[in-house]
Amino acid sequence: MAPLPKKKYPKARQGKRRSHLGVKVPALANCPQCHNPKLPHRVCPTCGSYNGREVIEIATPKKSQS
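Basically this note's numbering = 1-based index in the sequence shown + 75.
Hints are computed from structural coordinates only; laboratory data are not their basis.
Each hint should be verified, as a subset may be incorrect.
What the hints assert, rightly or not - Here are the in silico distance ranges between beta carbons for each label pair: (1) R93 / K138: 47 to 53 Å; (2) E132 / H110: 18 to 24 Å; (3) K137 / A104: 51 to 57 Å; (4) P136 / Q89: 46 to 52 Å; (5) P78 / Y125: 51 to 57 Å; (6) P107 / K86: 43 to 49 Å.
Ideal Cβ placement from N, Cα and C applies to all residues, glycine included.
Put together the whole structure using the sequences plus the hints.
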C-alpha cells in the first residue's frame, strides 16, 4: 500500500505554494530614439536601436499605389 497523507491540507496552503507562479505584467521602457514602448535591455522592435546606435535594420512596409 502506498503512504497516505495524515491530514487534509487547506486550499490556502496550496495558494501560498503557487503564489509565485502567476503571470506577471512585463516591465516596459520607452525607447530613447523613437519613444515607443519596448522591453528593457533589448533591441527596439520599432526602430532597431540599442544603447544609442542602430543594431538591426527595420524594413519599412511598401505602400501599394492604387
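*Of all the hints given earlier, name the ones this structure violates by number, lowest first.*
3
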